[in-house]
Structure formats: structure tokens, C-alpha cells
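Novice: Generate coordinates for the entire structure from the input sequences, incorporating the hints supplied.
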Amino acid sequence: ETGVTQSPTHLIKTRGQQVTLRCSSQSGHNTVSWYQQALGQGPQFIFQYYREEENGRGNFPPRFSGLQFPNYSSELNVNALELDDSALYLCASSLVAGGDTDTQYFGPGTRLTVL
Amino acid sequence: AQSVTQLGSHVSVSEGALVLLRCNYSSSVPPYLFWYVQYPNQGLQLLLKYTSAATLVKGINGFEAEFKKSETSFHLTKPSAHMSDAAEYFCAVTSYGQNFVFGPGTRLSVLP
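In order, the protein sequence lines correspond to chains A and B. So that you can map any letter, position 66 of the first sequence is 66 in this note's numbering, and since no number is skipped, the others follow by simple counting. So that you can map any letter, position 98 of the second sequence is 98 in this note's numbering, and since no number is skipped, the others follow by simple counting.
Derived by calculation from the structure, the hints in this document are not laboratory data. Because the structure is a prediction, the values reported are computed rather than measured. By construction, the Cβ of each residue, glycine as well, lies at the ideal position given by its N, Cα and C atoms. It is possible that part of the hints are untrue.
[To be verified] Take a look, some chain B residues computed to stay more than 10 Å from chain A by CB distance:
1) 41
2) 60
3) 66
[As the list claims (entries may be wrong)] Here are some chain A residues pointing at chain B (derived, C-beta under 10 Å):
4) 35
5) 41
6) 44
7) 45
8) 63
9) 87
10) 88
11) 102
12) 109
[Claimed, not checked] Examples of chain B residues lying across from chain A (beta carbon under 10 Å, computed):
13) 91
14) 92
15) 105
Specialist: See the structure below:
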């Protein structure tokens, strides 16, 4: 069974640029959630995708957007990067069946630094 | 809205001593509760979860947690700390149809 993978592991961008982060779900999972973890803090929920549609969003501006593909992999896109976007971005996959909640399994994260 | 508080941003114990990490939650509906561990520069690894079955939940690496509805708590314990337990620990709450809400985390240090 393949776990959750994320790419790249590290990324450095400058203010105003755009970035795309990628996530491959654990085999058999149909839901992907993205989190932002600033240094010394807990993960903050960005949004979730279920069967290729956004299924919940946290308190993040529209410049944070995402996609989920038919194979359940996912992308997180951030436009007009700001210094405060520097963080560890975590992807988590889960199997949601019939609207129930299941355990989220996390990838290793992508460390984004905005200069 | 759901929320999680973790008392103590940093806890230090001696090797072999009891580990107790505190988690209190707020939820207007029956919660599902989780503990995750994060080692430096890594993602989160599931330690254990409570999903309305037994109130005492056993997890990996000798950790366990007890769900106490009357106290809205889900504290994490381990009888004897090991050096390899040093990490950041996060408590999280969710419920049917809701998203995960994480606490701020507790950094556990284990002293030789």
C-alpha cells in the first residue's frame, strides 16, 4: 500500500510569484485535504476535495485554490505569494464513504519559503 | 464550531517517567478525536483515534488516551517515556461531515 506523497519537498519563491504543490493520495482514498502549518503552530485547514469537487474550505483567501484529479491526486495553487505564506504545506488523504468521517493520513509536507 | 486546546506548549519528562499530554475539546456534536505525532521536518503520523467505541484507546508506541465526555478531555499518556518519544504532539477533533481542527501542539522533551 503506497502512502501519501508530496512534491517538491522544498521550494523557495519570491513575493508575487505563483506556486503549485502536488500530492498523491494513499491507494484507495477518495478525499484530499490541504493544511498550512506555520512554524511552531498546529496545522490550519485550507480546503478539502472529495471526488474532484471542493468539499469545505477554511479561512483562506481565494488566491489559494486547488484541484483534484480522477486518480484522486491533488494540487494546491497559491497566487500572488506573500511573506506570510511561508510554511509547511501538508496534504492528507482519507476514505470518506457515505458522508462519514475517516482517519486522515498525512504526507511529509512541502516546505515553502517566500522571500 | 469545534476547537481544541492543549495545555502546555512544552512538556519535559525524564526517561522512564510517565508522559501526560493534555487535550480538551469543544464540540456541539459527538466528536471523533485523534492524536498525531510530528518529528522534525516530517509530516504527521497517527498515534491513535477515538470514534465512539471504547473510551480507552490504545495506539502505537505504547501510547493510550481516554475519552472523558464529562470533562471534554482526551489526554494522551504513556507509562514510561523513551528518548525516541521526543517530538511535537497534536490533538485534533472532527465529527460527522466536519473538517479536522487541530490544537496548537505540545512539544515533548525527554531528558536522559
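Novice: Determine for every hint whether it applies to the structure shown.
Specialist: Do the hints match the structure? See the list:
| no. | hint | verdict |
| --- | --- | --- |
| 1 | 41 | violated (8 Å) |
| 2 | 60 | holds (13 Å) |
| 3 | 66 | holds (19 Å) |
| 4 | 35 | holds (8 Å) |
| 5 | 41 | holds (6 Å) |
| 6 | 44 | holds (8 Å) |
| 7 | 45 | holds (5 Å) |
| 8 | 63 | violated (20 Å) |
| 9 | 87 | violated (13 Å) |
| 10 | 88 | holds (8 Å) |
| 11 | 102 | holds (9 Å) |
| 12 | 109 | holds (5 Å) |
| 13 | 91 | holds (9 Å) |
| 14 | 92 | holds (8 Å) |
| 15 | 105 | holds (5 Å) |
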